[in-house]
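Heads up: the protein sequence lines correspond to chains A and B, in order.
First residue of the first sequence: 1, per UniProt numbering; consecutive thereafter.
First residue of the second sequence: 1, per UniProt numbering; consecutive thereafter.
Wrong hints could be hidden among the right ones.
Covered by chain A, according to a simulated footprint, are these stretches of chain B (three or more residues, beta-carbon under 8 Å) [stated by the list, open to error]: (1) 130-137; (2) 158-172; (3) 241-251.
Covered, in the sense of this in silico footprint (three residues per stretch, anywhere, with C-beta under 8 Å from a C-beta of chain A), are these stretches of chain B [claimed, not checked]: (4) 149-155; (5) 193-199.
Think of the hints as simulated: they come from the structure by calculation, not from any bench.
The beta carbon of each residue, even a glycine, is placed where N, CA and C say it ideally should be.
Number of protein chains: 2
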Amino acid sequence: MRIVVTGGFGFLGRKLTDALLARRTLCGAPVERLLLVDRYVPAAAPVADHPLVEVVQGDLRERLDDVFARPVDVVVHLASAVSAECESDFDLGMAANLDTTRALLDAARAQSAAGGPTPRVVFSSSVAVYGSDPAAPLPPVVDEWTLPAPQSSYGMQKRVCEQLIAEYTRRGFVDGRVARLMTVVVRPGAPNAAASGFLSGIIREPLSGLPATCPVDPGLRVALASPRRTVEGILRVTEAVRGSGPGELEGRLPVNLPALTVTVAEMLDTLRRVAGDAVAGLVTVAPDPAVEAIVGSWPASFADTCARALGLRPDDSFESVVRAYVEDHPEAVSVRLPGTSAPPAAPRRPEGAG
Amino acid sequence: MRIVVTGGFGFLGRKLTDALLARRTLCGAPVERLLLVDRYVPAAAPVADHPLVEVVQGDLRERLDDVFARPVDVVVHLASAVSAECESDFDLGMAANLDTTRALLDAARAQSAAGGPTPRVVFSSSVAVYGSDPAAPLPPVVDEWTLPAPQSSYGMQKRVCEQLIAEYTRRGFVDGRVARLMTVVVRPGAPNAAASGFLSGIIREPLSGLPATCPVDPGLRVALASPRRTVEGILRVTEAVRGSGPGELEGRLPVNLPALTVTVAEMLDTLRRVAGDAVAGLVTVAPDPAVEAIVGSWPASFADTCARALGLRPDDSFESVVRAYVEDHPEAVSVRLPGTSAPPAAPRRPEGAG
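Same shape as in the complex, but just chain A:
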């Protein structure tokens, strides 16, 4: 089983890689090769030395010949330009999200057309495919039959890719699957250019002793999933057998991964409960209409019938999401949490371009 993970050194790529190396099997076969493709490969990346891991650094579209130099069984396509980037630079988003995905699908198709295995292509789509069009407001509860009318370039690009994947699958070029990711919270590390980035920032920054800004009205309801649940969802959609039986993947529609629906106010209350008043006090509410327009257009409540049929379930509570973050990233927590005796980590300096 030769597996490719695009965006393999991104936050989710690393979590997925760790999970695959821990399991050592996928779809019932041993993981023989795990090829991580990414434009940015950190200098210190211990996973790159793992005997099963191979790294291809560069622009995915330019490196497809290398990626498909040997037969690929599974591609998990995580690489993507994020929402705010695509909004500020339309052409960048079209190239990174639409053209690159199409080129990836064509490379996979060329492999099967040449008599090689038909690659299983798993696409990480997004809740951002949905949006509230004035003429087509979203229903109170969204499911896979709800018409996506994206209100962002990112959402449109994801939606178009979903349809390419459905069609390449219908024609037998690939075995494509689509998992629509909820907003993944709490993302570790530095802030990124996603419009939803603050949903991690308002938890992550205070826990590391840093101030954070909440750019939306705290009454806003959002659909979240922890990194653990998200990786679980991607793996489940990857492994699902096609069919119409229980636990099988029927048809070619995307699967909305399970969502925990909370208000931003509930998130901040949870932070206060877990980390205390002083930590929660590091968050300042300062609504930004540009962020509210994007994030506010996404649905918050989902009927997760399809995901549940695959055995997936949402996080139990936002508190469990925060506690999982603390458990998985102790190095990022520099405040002393009530009820714990472990010394906090050293305060983190903000990374990235700020």
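Since the structure of chain A is provided, determine the placement of chain B on it from the hints.
For chain B alone, kept in the frame of chain A given last:
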């Protein structure tokens, strides 16, 4: 008002051109220039000599510089590879339908970005965007909020273009509108490579004294519109003012043009009623699974609320559709119709590659 019609010498392009030259206005302004773009321009095309008409012959994508050499106010984009072509040659369909439409949108965007007028771009989409996915069967009545799950490459390409147009409109690059055409019947002239072509052929060929094959079970229900109603619909969507008032175009969703729903058996009965037993007897039923799979996946019943709000209505009856064809194309009718005294035209030889 400088208007571009792509596919301007196709069957609908010619009807639209005639309508525009007869009206002489569009969107309340005089038609100053009508630029017809097409790969194929017939040798004898009197319209090409009309003082308001300009012809650009060639591949649309390669001729965009010429098309946008002077400011364009309205583009009606009819040019398209048809369904059966796209099914038999995937790359051709992607290039002709997706890449060309995107290039057209980018050319229109370049005009507005350079300070020129923001072109109104009217895209002729299709009922083929809908399809019956096993996991998402179509509801008995389809409307604009029904999730399109295309079951053909052609339908997927049309659906993707619809979403590009919605997004280019949201961003203010163009003023895009989408009219989803029903199967247009009766098309004059030679058969084309559309899977739905037989729906015209089973009327047109017998009326010209030629045999015809019906490749579907006559119980199949289909959604049709006459060329007259279709041109009327395209013009109405083109002219509609954006807004949420009565008769205005709200949001960025496509408009399903009104449909007349009939069974193929009812179509054949109408032919018998209009033209007599001998003419109806020229049709042989011989189901072809490939055609049934494509045409049978399209919905047949529509709730045409949006179209009616724009003042559009379906054809009164299939008989009115057939009689309009006879009226508009007397040269193509070579059988004597009961109740008429006019001599029939000379029998037509089949054109095209057959």
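Each hint, compared with the structure:
Note: the stretch 130-137 of chain B has 4 residues with beta-carbon separation from chain A under 8 Å; the three-residue rule is met and the coverage holds. For a cut-off of 8 Å, the count of residues in the stretch 158-172 of chain B with a CB near a CB of chain A stands at 8, and the three-residue condition holds. By the rule of at least three residues with a Cβ nearer than 8 Å to a Cβ of chain A, the coverage given for the stretch 241-251 of chain B holds, with 3 such residues. For the stretch 149-155 of chain B, the assignment as covered by chain A holds, since 4 residues bring a beta-carbon within under 8 Å of that chain's beta-carbons and 3 suffice.
With a threshold of 8 Å between beta carbons, the proposed coverage of the stretch 193-199 of chain B by chain A is violated, since 0 of its residues qualify and at least three are required.
This entry does not satisfy hint 5, going by the numbered hints stated previously; all others are met.
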